[in-house]
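First to last, the sequence lines map onto chains A and B. Under the numbering used here, the letters of the first sequence match residues 1 to 417, in that order. Under the numbering used here, the letters of the second sequence match residues 418 to 847, in that order.
Just so you know, these hints were derived from the structure itself, not from any lab. Just so you know, these numbers come straight off a predicted model, no measurement behind them. None of the hints are false.
A few chain A residues that face chain B, going by a derived Cβ cut-off under 10 Å, partial list only:
#  : residue
1  : A82
2  : D109
3  : G111
4  : I113
5  : A114
6  : T200
7  : G202
8  : F203
9  : L204
10 : V206
We put the CB at the ideal spot given by N, CA and C, even for glycine.
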Amino acid sequence: MTRSRIEVSRRGLFGSAAAAAALGGGAVAAVAGAADAADSGDTGGSTGAADTVHPYEGAHQQGIVTQPQAAAAYLALDVEAADRAELRTMFQALTTASRWLTAGGTAPDAGMIATATDNGVLGGADVPADGLTITVSVGASLFDTRYGLAAKRPARLSTMPAFDDDLLDPAMCHGDLLIQVCAEHRDTVNRALRILLRATRGFLTVRWRMDGFTSPSRPDGAPRNLMGFKDGTANAAITAARYDDLVWTHAGGAEPAWVEGGSYHVVRLIRMLVEFWDRVSVREQNTLIGRERSSGAPLTGSHETDAPVFTGPGADAIAGNAHIRLASDSGAAATTGQQMLRRGYNYDAGIDVNGNLDMGLIFTTFNQDLERQFVAVQRRLAGEPLADYVLPYGGGYFFALPGVRGSDDWLGREMFA
Amino acid sequence: MGFAARGAARALSATLLAGVLGGALLSTASADEASVIAGTPVGVGQGSCGSGWSGGDAGPLTFALTNGSSAIQEVQIQDTTSKRIFVDVEDLGIGATRSVALALAAGRYRFLCLAADGAPSASPAWQLTGDYSGATTPGALPATANDFVRAVDTYSAWTQGQLIHLGADVATLRAAVAAGNLVGARRAYRVAHRQYLLLGAAYGAFGDAGTAIDPQLTAGVTPLRDPELTGFPKLEAVLWHARPVARVKPAERTRMSRHRALRSTRRAQRRLTAYLRRNATPVATRLAGDVAALTRTFNHPVQPANIDMGLRSHEILEDALRSELLGRNDAGAHLTLFDIDAMIDATRDVIAPLRGLLATRDADLATTDAWLARLQAYVDAFHHTATDSWTPYQRLSSAQRRRLQATLSQTLEYLSEIAVVLDPVQAGPA
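Assemble the whole structure, with the sequences as input and the hints as a guide.
Here you go:
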């Protein structure tokens, strides 16, 4: 199992763009071994270039420890496959389309016998991969009686409950499947999701969808959320050496064998009541979060990168119910295995029925153990003062499938074994 | 406007578009034209078809086709043995250059240069050599105008037969309306409207006559009060706005109350008859006239164009997806699923005379049939045989709507291939 995530410039690897078009992700993976921005603990916003190729095949899926790209679409889907055989066909079709889409290049040629495979949103010949990643996760409902998969359910996968401060809209929750499409530009995401849905047209229906974006670093450090705070600073602590303990699930114990290399994928649609928030003084905002808005520094320190001090003299600068204190269990989360890799996106989805802005965070986290990490933290946050300014209303629990391990492999194959 | 209107409009707009784009490209890029358009330069035109290319290695190829003639060109690359074509560049403007990319296996090929007027020409055959084994561009054996003759004749004859049935069905409907028989009129409406839907009148295939017979509802206007509305939807609004007269119940059959009930029933029936004569009869009469006019003019002189046959294979159900499933055709009867059931049958009726052409051209024909059957089975699950009634589309759960949408959409993906493989292209020289 390799943990090195590979980011390569196709232009750097291959002399001619035409040659690249003929090569699949497997070929790219075979020759690459470059340094990884996320592994180095850099929490800055994406700096990916349009010709960045994230290898599709590997022990783990892409789009998990990949540094967040600028644009994302989350599609929660329900499976309409008539039987198990069609479900397999669906996963194979998703794999095939994802493999060529993420490699960049030219779409398979339908010639004179069908309408064009490509929708042309990125032009036609030799389009850039543009840092595209496609990550497929399954929801608990896929393991009901329909496809005979009940015994294969990842042990910790359940239906996301409503937490204390949630107001869940059933139309925006759960799903048999989640497809997370991320790239450096929105047009790349648009093209990819249309091709993916077309390739699985009769077998999947979209249950809900949310599009997101990552802001650039302003002026540096973690990108800011729409409350104006740097978000994801704590990710720096989750280095590649800890992925095996914090991100990847392992076979054994209660878990079925096939989950090796997957990850529990939590998505929460959290609306930020920005009109209200903007009427709150920055001093109060700082107190609620436990950090200083402008610099991102913990209130016990001077710089974003300073570790928050939760005990001892002066630690009271971070209030007892400040968000970062509760979330980190006053720092204890680091030793209790509760830290989780976060990969959220901002969203901006127009207005609500009353004309208020509908925007916020697509909170996303990848967990080795749903209960030990996300759920434990979420319970501790119940009733936090910050809850007055946000409204979690959708999302779900999913399980990111293990990676596609070779050119003959396909997503979820071992789940059917 | 006749059956061919859609195809003609499409061809015209493509020509206009090509003209506009071509002009813009030429005016801005004329300084450095050749260098920005990818591919091996190849001249096309009657006198110089395929000039600049004499063959090479099998595998990926890119050509920059320049129309050096004084006529708009259609350019194809043809396998000289199988006669399959792999590229069809339509409407290549005078002086325009277009880049095409494809991948071909080793073999003998030639360019075909076809102009609207003038004899088709061909390049000398050229050879691709080598042991290329990668993906190749799928080619197709084009259906020629000659190939379409029997299919179009068959479909036209079938349509004319159906129009005669439609005339009889509308006469029945008209009689029920005149008799003040609301239940009978509703039943006759369903029979007649289904008969009309079987003709596959999607996308204005019957021109103005079709628009008068089965117009789209106007958004934001109540169909019953829309003075412009005619034909089937107007009748639907009128017939489903009224309530059938209740029968005298057995409990009321004591002598006095029965007498009163009968009198009140007769009064209600008189009101209903007057309502139908006032509101439905003029609409039914006009509808009968419009159907008669369509029957007289159909096929004289306009036959369905060749291009229509393939297009209609998916456009009837595309109409269902964009109108029926959004409730845009429901004037009150809530017969959306009944309509879609008819549109599935109409699609099969269009494909029926094409099967001979499709057998060798559409590898997915059996799959297409299977999805049509799957779609119809799902739609028919909402038909209640005992009462011959249909669940209103509005009552479907969002999960049911999504399943219907997914099944319909997948069926359309396969149906759309028929339009591609039966897209008429000009025949090259022998």
